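Student: Top to bottom, those sequences are chains A and B. The first sequence lines up with residues 230 to 546 when you count with our numbering. The second sequence lines up with residues 230 to 546 when you count with our numbering.
Simulated from the structure, these hints should not be mistaken for lab results. Note that the coordinates shown come from a computational prediction; the quantities given were computed from them, not determined experimentally. One or more of the hints may lead you astray.
Unchecked claim - Listed below are several chain B residues computed to face chain A (Cβ distance under 8 Å; list not exhaustive):
(1) G278
(2) L372
(3) V489
(4) W496
Unchecked claim - Non-contacting residues of chain A with respect to chain B, defined by C-beta distances greater than 12 Å in every case (computed):
(5) L292
(6) G342
(7) I495
C-beta: ideal position from N, C-alpha, C; glycine also.
Protein chains: 2
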Amino acid sequence: MSLDLPRILAAHDRIRPHIHRTPVLTSERLNQACGGELFFKCENFQKVGAFKARGAVNAVFSLDDATARRGVATHSSGNHAAALARAARLRGIAAHIVMPSNSPKIKARAVEGYGGQITFCEPNQAAREAACAKIIAATGATLIHPFENEDVMAGQGTAAVELLQDVADLDLVLCPVGGGGLLAGTAVATKGLRPSAIIIATEPAQAGDAADSFRAGHVVPLTKADTIADGLRTNIGAPNFAIVQRHVSDVVTVREDSIVAAMRAIWEAMKIVIEPSAAVPYAAILEGRVNVAGRRVGIILSGGNVDLDALPWMPRA
Amino acid sequence: MSLDLPRILAAHDRIRPHIHRTPVLTSERLNQACGGELFFKCENFQKVGAFKARGAVNAVFSLDDATARRGVATHSSGNHAAALARAARLRGIAAHIVMPSNSPKIKARAVEGYGGQITFCEPNQAAREAACAKIIAATGATLIHPFENEDVMAGQGTAAVELLQDVADLDLVLCPVGGGGLLAGTAVATKGLRPSAIIIATEPAQAGDAADSFRAGHVVPLTKADTIADGLRTNIGAPNFAIVQRHVSDVVTVREDSIVAAMRAIWEAMKIVIEPSAAVPYAAILEGRVNVAGRRVGIILSGGNVDLDALPWMPRA
């Protein structure tokens, strides 16, 4: 079974009791600044503060009872971890969470708050996967990969479904890309519901593996992930990249200072709290990397979990 | 003509084309923390970032043409200034704004952005009024007082109208009080539409003149206004106080640390940006000064204009 629109719509029905239908907000000030019409899908208002609630609930509630009883496990930079812990608690099963030791404190606290059992590991992909494999061997838990799992992708795609239901005639959808779960779901949902809309992925140049992969035509390993956008410090997944190749028109990269400027502009103009990863699409507009003049542009604001003691424009303590 | 419900409803019709109907948001986390059901009317999302857009538009659009042509003037700590500048621009007339020299930079920039003509003065009431009188003598402009003007009060009351339209069966409405424009409008609208609802005003203890006045039975002068809640550093107006005496059940004061904690809790739980003044009602809940257990509580979040470089939990530069 592959990722397609019916699967995303089924996910939407499945998760509806457990997630918010988030609002789509607009800003006259930001529209005037760019000359386009921007429609921000506010997944910062989602349960656990990020779109990840969608995919996690869909994956956990798609398990059969016998499998579910053995629990779930994952490795995650944070939002997926909290989301999976919450989804597991909703189903009454255990969640084993492997987190890199440099994860923002707020994200570890969130996992604990939902009853997730955390194991910290070195902040690299190999260490994450090894720690997770060990837990799975011991418990029989099911790995719910943060982005390569198709039920996760289907769940993430439901944000775009709602965006397209609420806003007619979008010309363009902008989406951040880390592992590619949100992007894959967004791309399939958008192309299914509105084939004429163009999808552009955006990522930090400091973690530019998806753009490199897009140019190369195959997944290029992430060699550095030195970006403030902590949700995007991940190599794009192979199944995700296959979907990107089919549906995404371009992958553009942005500078760190643009991410901070975009984040701050959205806070100031829209009075909403978004995390750096969520600011990446608007950063691409600020840099002029995406032409939005005269176009109707949907933007997925992926999350709002920031450490208010460590905002990027604060003087370093 | 005095302030009554029909006048507030007429104001609502008058201003509707020029303001946002702001959303009412809820937070499961904050509800669980206090045991009540909290309904936040998000005037931080309002035009100019504060409820002040409502009163200013109503006052400016209530002027006859000949009077309007001579322009408008005011003295304000900031949000009313931006709101009046914007309302004047919408009507195509001049706005003369007297601002205290210690106003947050973001607020002065906002006034300039709307084409208002700023005169800075010493940060005290006497200096504000003198500077304003001088401008009025020179131009023939109409003073639009930030809170004693009844058209302003009527406009501010429209936020409560929308709140009561959107949320049934409120038991209690909490509102911050500075000069008392929002409070007067909120009280009259609430008592008109839902007489059984109790209205409680909240203010910083460090600018506790409304509470002092409420106990004394007459307006007590504000002797210090040493509060982070910059929108509430104002003595309550005489006409406003008369309305408070008639309709408001209590005025409770809160500590500065509670204001900061409340502001931060709302940012973190709800992912929205509010200014310190807007956090004062929730601070009263945090301090246990208002019993909300089992009650349906409307809270006016008055505005979202904060200087992101000077957040109260930042280390001092």
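Student: Hints first: check each against the structure and report whether it holds.
Tutor: Do the hints match the structure? See the list:
Below 8 Å, beta-carbon pairs count as interface contacts, and G278/B has one with chain A at about 6 Å; its hint therefore holds. With a least beta-carbon distance of about 29 Å to chain A, the hint placing L372/B at the interface is violated under the 8 Å criterion. This hint is violated: V489/B has a C-beta 11 Å from the nearest C-beta of chain A, more than the 8 Å allowed. Taken as an interface hint, W496/B checks out: its beta carbon lies about 6 Å from the nearest beta carbon of chain A, inside 8 Å.
Distance to chain B confirms L292/A as a non-interface residue, since its nearest Cβ pair spans about 25 Å, more than 12 Å. At roughly 9 Å, the least C-beta separation between G342/A and chain B is not larger than 12 Å, which violates its mark as non-interface. A cut-off of 12 Å between C-beta atoms contradicts the statement that I495/A is not in contact with chain B; the least separation is 10 Å.
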